[in-house]
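Visitor: Since the structure of chain A is already known, use the hints to place chains B, C and D on it.
Number of protein chains: 4
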Amino acid sequence: MISKEHLFELFTETRVATEIICAPLEIEDYVVQPVVDVSPPKWHLGHTTWFFEEFVLKKYDSNYQLFDDHCAFVFNSYYESVGEKVVRTDRGNLSRPTVAWVYEYRTCVTKAMQGLFLGSQNFSEELLQVIEIGCHHEKQHQELLLTDIKYILGNNPLLPAYNDDFQEYPVQEFEQEWITVPEGVYEIGHSSTSFCYDNELGRHKTYLNKFEISNKLVTNAEYLEFMEAGGYQDVLLWHAEGWDWVTSNKINSPSYWHKTKKGWQYYTFQGLKKITPEAPLTHISYYEAFAFAQWKGMRLPSEFEWEIAQQQFEWGSRWEWTESAYSPYPNYKKADGALGEYNGKFMVNQKVLRGGSVATSTKHTRATYRNFFHPNLRWQFTGIRLAK
Amino acid sequence: MISKEHLFELFTETRVATEIICAPLEIEDYVVQPVVDVSPPKWHLGHTTWFFEEFVLKKYDSNYQLFDDHCAFVFNSYYESVGEKVVRTDRGNLSRPTVAWVYEYRTCVTKAMQGLFLGSQNFSEELLQVIEIGCHHEKQHQELLLTDIKYILGNNPLLPAYNDDFQEYPVQEFEQEWITVPEGVYEIGHSSTSFCYDNELGRHKTYLNKFEISNKLVTNAEYLEFMEAGGYQDVLLWHAEGWDWVTSNKINSPSYWHKTKKGWQYYTFQGLKKITPEAPLTHISYYEAFAFAQWKGMRLPSEFEWEIAQQQFEWGSRWEWTESAYSPYPNYKKADGALGEYNGKFMVNQKVLRGGSVATSTKHTRATYRNFFHPNLRWQFTGIRLAK
Amino acid sequence: MISKEHLFELFTETRVATEIICAPLEIEDYVVQPVVDVSPPKWHLGHTTWFFEEFVLKKYDSNYQLFDDHCAFVFNSYYESVGEKVVRTDRGNLSRPTVAWVYEYRTCVTKAMQGLFLGSQNFSEELLQVIEIGCHHEKQHQELLLTDIKYILGNNPLLPAYNDDFQEYPVQEFEQEWITVPEGVYEIGHSSTSFCYDNELGRHKTYLNKFEISNKLVTNAEYLEFMEAGGYQDVLLWHAEGWDWVTSNKINSPSYWHKTKKGWQYYTFQGLKKITPEAPLTHISYYEAFAFAQWKGMRLPSEFEWEIAQQQFEWGSRWEWTESAYSPYPNYKKADGALGEYNGKFMVNQKVLRGGSVATSTKHTRATYRNFFHPNLRWQFTGIRLAK
Amino acid sequence: MISKEHLFELFTETRVATEIICAPLEIEDYVVQPVVDVSPPKWHLGHTTWFFEEFVLKKYDSNYQLFDDHCAFVFNSYYESVGEKVVRTDRGNLSRPTVAWVYEYRTCVTKAMQGLFLGSQNFSEELLQVIEIGCHHEKQHQELLLTDIKYILGNNPLLPAYNDDFQEYPVQEFEQEWITVPEGVYEIGHSSTSFCYDNELGRHKTYLNKFEISNKLVTNAEYLEFMEAGGYQDVLLWHAEGWDWVTSNKINSPSYWHKTKKGWQYYTFQGLKKITPEAPLTHISYYEAFAFAQWKGMRLPSEFEWEIAQQQFEWGSRWEWTESAYSPYPNYKKADGALGEYNGKFMVNQKVLRGGSVATSTKHTRATYRNFFHPNLRWQFTGIRLAK
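These protein sequence lines are chains A, B, C and D, in that order. Here the first sequence stands for residues 1 to 388, numbered as in the working numbering. Here the second sequence stands for residues 1 to 388, numbered as in the working numbering. Here the third sequence stands for residues 1 to 388, numbered as in the working numbering. Here the fourth sequence stands for residues 1 to 388, numbered as in the working numbering.
Possibly wrong hints are sitting among the right ones.
Partial pick of chain B residues on the chain A-facing surface, computed with a CB cut under 8 angstroms [as the list claims (entries may be wrong)]: (1) Glu26; (2) Val32; (3) Val36; (4) Leu94; (5) Pro97; (6) Thr98; (7) Asn156; (8) Leu158; (9) Ala161; (10) Tyr162; (11) Ile179.
Taking lysine-lysine pairs in the DSS-like style, the calculated list, with each CA pair at most 30 angstroms apart, reads [what the hints assert, rightly or not]: (12) C:Lys333 - B:Lys216; (13) A:Lys334 - D:Lys333; (14) C:Lys250 - B:Lys334; (15) A:Lys388 - A:Lys58; (16) D:Lys205 - A:Lys296.
If you are wondering where the hints come from, they were derived from the structure by calculation, not from laboratory data. Even for Gly, the Cβ is constructed at its ideal location relative to N, Cα and C.
Isolated chain A, as found in the complex (with noise of 0.2 angstroms):
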């Protein structure tokens, strides 16, 4: 269990990382939802102080004195136990509270939480659970804030930049080669006694068969080779709903490419720039994951194979997609209450990704976090690492 110190300091950094993120933004840009997965900046700002307001204040410090009637109601998230809330598609539609109300609220929670961490109280377990929860929380939420930018700015005819320095292409310097792993019993699952999310848990024995992975994410060049040998037209490498979703959607390429007169281009924090070819590909979705693997004559990795053999490969730069459906380990218990609403309420139509990204939060990822998401979304910064 963490203690208060370290909880306090993590606590800080967190809330101050947050608004570190939002400092290049307009306030325009805090507003606007171009689609429904997309939050307003406003609202990750809003509603990862509502979880400290409604879970640990409300609860803990019995002088705390509401900010507004009103937060609960437009910053609760998917806690459908908790009361009423903005439905999701309208987070977009609200111009109030304003930004500066948001940035006022979000002081006067963190005031009031290091109020509470500088009392004398001893924390119960309970409470620092809980916190500690709130922080990993908002730190998710930081990884969302900026997938969200990006996909405000990309998605505006003027195509803006977000700020000079953030590189999402990190180029991988070692050459391909393939990682042998041995049949055998295995165990899965966090174990440490460090922080985890209940889905981790349940440390548990699998059986895996002998396979090979990648020390390598697929690159850009691989990528395009599959566009140009007309992989999007070729139905017979996708799933059924991947071909609804392509030809829908009329996909072509991935999220954020364009096709400009000089050739592919690609929108990044930094603007409209030229494809590096070296750079491993993100932005893209399940069914293009398993359709590329599938060209290839090789497939995704499950979430199995992936932890046995991660301490081989570098990883972190991309959210890679695996073939596993996201679902409960054996001797999964949910959490009881509104936070047992967090994680074990997804576990249907939603595939596992492992990994990290260049948007995650510091301290945000390990070797056993299970991300999910579902099949057809592309604006996290995924990748794909191939399996045979």
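Guide: Coordinates of chains B, C and D only, in the frame set by chain A:
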């Protein structure tokens, strides 16, 4: 034809008035589009500016430098023949250009226009005409700005106020009476040489049967009677499409009305308020206007009846639904090219409204003015005047 | 008022005619509903029968036993005030009752009606009226049966023929001329004592400006010119809603037209055939009629112009789109109760068509008849007559 | 590999069985498609026939004349790589080809197949294989025929019976007990040389933790307890997508259940009947299965647990939802070409069901059989077996 001097006055007054309407807004309020018919205020600011740039400066000012290449794409609204444009439903997804940028754009174009006026150039009739249309076009958008702002704030869970003094519910301090108009041949349409839209022209004769029309608009109190008598539940009062609209949208009161513990209240520019029974009803659809008239055993006037009778009653606080569909007058001629898209292309599936409203810009209505909206819309200041 | 004897003749002729229309069908053809506006033929058979059971036998024949409790639920169409009904889009989902059952139901009701006629009872005016409406109601459904059958077969990939002799394209063997009608006050509406619908009543004066109207319907050849001149690609010819309709449905020809290796062909009741250039165009929407007139520099007549001029030209092979929206005449009064739902409740968002068509039942049209459809529909035998 | 003689028997028995299922139908019942997942019975008859024509006769019988050019277009289902096809939602819009025609088509193809069998030709392994797949394919459609017929009749307002003797609710006459399976490495997948689908192959090891599984399926009585305890109203029992499904479809009971004055009844092949409390529950979605298990504090088994434990309990009356997503086994290889579309392309967003049902064709299931459906579907005879 308007003189250059009067036009300069009109232009100056119009440009300033638009900005005064926006003065109470927060930056965030300029950005959102909570429903397709409502445009973000910054879009109105840009679009009315783009009109002068596209149709005046590009053509008549050889020194003019385009402010930015993206304007046409972002701020064109419906002129299909002028080129590609942002689809209407996407207007609220654009955080850029920023509000500050739009104001700069306005200033730049206003100054260039002033330069044109102050130059020694004589203005051709064509040039006078297109600028005059541009001013009236902007006045139309002033009314839309007000109704869109009301929608944006009035559908926000915080129900914020807009300003302190805008009065939406001016009381009619006189008794209800019936004005009788004898049957006969009457003349309809614009006749003077002052400004009007093309859809008012082609002054022509029409035959009216004897009819009676009320000197007073229907009040909130009268409409409440209809509601309490079960008007929203009696299918026989409604058009088939009206009934579908009522049931699928669960409509049971005018727009902006809230049933609270203290009884019926409505959202106004000053926030939530108790309903004034004697004030003229507003924010109802044509379907509701028709059903109310059915329930009273009366009907709505035709637009011709309204135009002939209007000298005998006060009007101007509500756009009054008429029974008339929006169609061309005999001998109506669409203007050539893009400006021809202004009115004619909407002449199907819309109903004519006559009068004007508390939100109508000064000098922007007249007895022959033909406003038009789809029968289900109610975010304008619409109202009911009965005939029989 | 029609006499009991004439009404018996009308009733007998009408009931037989409906069944003759269905004689060439396979059982399967009676069941399907390929689009919401088209009803399964067995539904028409049942619905026209239900009308007599519900509005005549239940009320005027004390000995009548309901054929089956489900009839009202299955065969009520739009009389919201008469009780629950199968939603319109579900009609094609019902395999039961079977076609044989529906024919039994028809026979049973026809016989009971004959018993009523042959009984000694004097028919009240009210009874004569409701039966007469029932007959005209069934004649309306005879036309719908033909157009729905054409839709069902003409949208089947096998393009099967319906019968050998139904001629849809009668050639107009005379030269095109312009008929001039002088300006003045004219009378509009039904005047004789013979049958008409309530929407034709309230004969009243109208003022018409001088106009010219063609003695001839627009031909396939003329419309092909429009198509070849790019009419479907020129946005300036179309209403805004028409343009949306063209682009979102990828419309580029009248309904039932196929571009084949042998040139343009159309589906007819005898299967696919070469287009007859001189035959009158049909199966076009109001939007297309309007765009064609725009392209010609002319316009569509109003329904009043049509009614006044019609004695001077031949009509009856096409329902002719007019510029008039479907609205109540002055002094129009809806009938009380369920029969009042017949016409009045559709008086919004529809366009009036005048004339009649090759599919119109005998004695089912007249110079004052007001047909009406939404502007996008084209499965009826619609056509164009130009005015200027 | 199956012998030619046994295959002939299998083929003959299969073709006859399909037609026996359809014998009680009215012609009208063959035509309709009340919901997209349900196909018209005549489509099943044609599609299973087309399979033999397309994949056997066209390739292996040089004398075979295509029955009709339209078959491929009308009766191809999902083989995207074989050419154009009627879109799935349109199947119920086609009155032609008629039922009589489809039976002729069946007879013609069955005879040609019999000719092939009775000829002197030796059958290659490939030929034996494709015919065997064709038979099993038709057996799958036999089950779909039964469930589609139930849907067509059971959603008709007349609730007609199908036949007198099909028993959907066989009672489990034994006590509920928990079977314990020890942890360890187990083998999964098909091993014998008899027929199986490609998705069962790649027999491989898996590691199972110790678990318990019920010998008995959940009964109607147990599910009624869940309903009466408010299971459908408690958001915490449901997946997020399950909750959306419940609320937007207003689900409050299994499919085919009706709350009547006499209490809960359900539609069966013999019409509406009182619920048998002790019979195994059916027609529930995966979402409902999961929520029920949550409410019990238990869970659904994984497909591997089911396969290992199944020798110790009776199964075969319900397709049992498992917690496992439908994914490829290690070393799964899609067949080449069109037949490769059979199973692999559905391996996303579906859940595995194990067992078999009262509607499953003889010889069409086995312990390794992997059925799969989207988690919201319930027109199959699905059921629940609990694990913990």
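Visitor: Would you list, in rising numerical order, the hints stated earlier that this structure does not obey?
Guide: 3, 9, 10, 11, 13 and 15
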